[in-house]
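Asks: At position 32 of the sequence shown the residue is numbered 32 (the UniProt record's numbering), and the sequence of numbers has no breaks.
Treat the hints as calculated values from the structure; they're not laboratory data.
No false leads were mixed into what you were given.
Lysine-lysine pairs mimicking DSBU-like chemistry, simulated, CA-CA at most 35 Å apart:
hint : residue 1 : residue 2
1    : K51       : K37
2    : K67       : K136
3    : K67       : K133
4    : K67       : K169
5    : K108      : K49
6    : K49       : K148
7    : K148      : K241
8    : K148      : K67
9    : K41       : K51
10   : K67       : K49
11   : K206      : K169
12   : K257      : K206
What follows is a set of in silico ranges between Cβ atoms, one per label pair, in the way DEER data are often shown:
hint : residue 1 : residue 2 : range
13   : E190      : L38       : 49 to 57 Å
14   : G53       : D150      : 17 to 25 Å
15   : Q86       : G142      : 24 to 32 Å
16   : E190      : Q248      : 35 to 43 Å
For every residue, glycine included, the Cβ atom is placed at its ideal position computed from N, Cα and C.
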Amino acid sequence: MSEQEVDSKRQRLEAYFEEGSTALMYAAALGHHEVVKLLVKAGADCRLKDKDGQSPLVHAANTGSTKSVQILLEFGNADPNDTTGQGLPLLANAVAAGSEQLAELLIKAGADVNAAEGGVAPLLLAAQAGSTKLIKLLVDQGADVRAKSDSGVTPLMVLSASGNLRGTKVVVEAAKRDLILAEVVDATTENGTAALHTAARQAHTKVVQELVLAGASVGLRDLGGQSALGAAFDGLQAVAKYVEEALQEYSDPNDRKLGNDMLARAAGAHVEVMELLLAQNAEPSLIDKEGNTVDAATIVQTYRSLSRDDSEAIDGSKDEL
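From just these sequences and the hints, can you work out the full model?
Replies: As structure tokens, this is what we get:
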């Protein structure tokens, strides 16, 4: 085949349809990977975009055809740093969708693991998706664990808030490796909230332990003056209010034993977090919802006594049997 014939063939392959799509785009969008391979080997340009700004690679990714994506990246001139029609980096889009295989293909082909759009980095999206595999994949390829959203939210904060212990450990280990551990664990949002605050408020005890072991500052306060211990106490008060409302609606609010039993069980994790933080010499003075100053150690003792009363009641009933 002459050079002129090859050029003519290539031009026919890239001929746009009325809506601005090429044959390769159609094949990619339909997931016909064998046709995609045939067109690519015939010289089809993988970087042309339709009127919506989408290339064959984007069409293949949107369809979920990883085979087509692999062909476009390995045999064609597809750009692993391509963006969707909305301007979102393709890697970030894959991570947000939780597509581990697609993300791996893009990274292997050289996609920028720190490419962000609108202040949202792939690692932050992986944390939101809760995928430890994606988090590790990105971190191992050099993703910046200090990445922040426009409001200052970091991957570690997202993982701490959701109680994702494995993901938290991956980020902490990466920060330790890069000698930026203190900067990462004590990073704060624009409101001064740190990862330890969010983990404590949600009573994710094991995550709190991991952060404390990593050196997170238990004395760090947000712009409202609240510490991690205060955040845990806030969570405890929210649980207590929920139990009180449940008793009012579904049971006898004057049934003290039932109320204490429900409260002890529901508040157990928050009490455990408060104990853990007090053991790290956290400032014990707190402000309750009514604006009164209370002592955290006293609060813990009070709730622990509820648990003991419940245990004694159970033991007593066994003796009667």
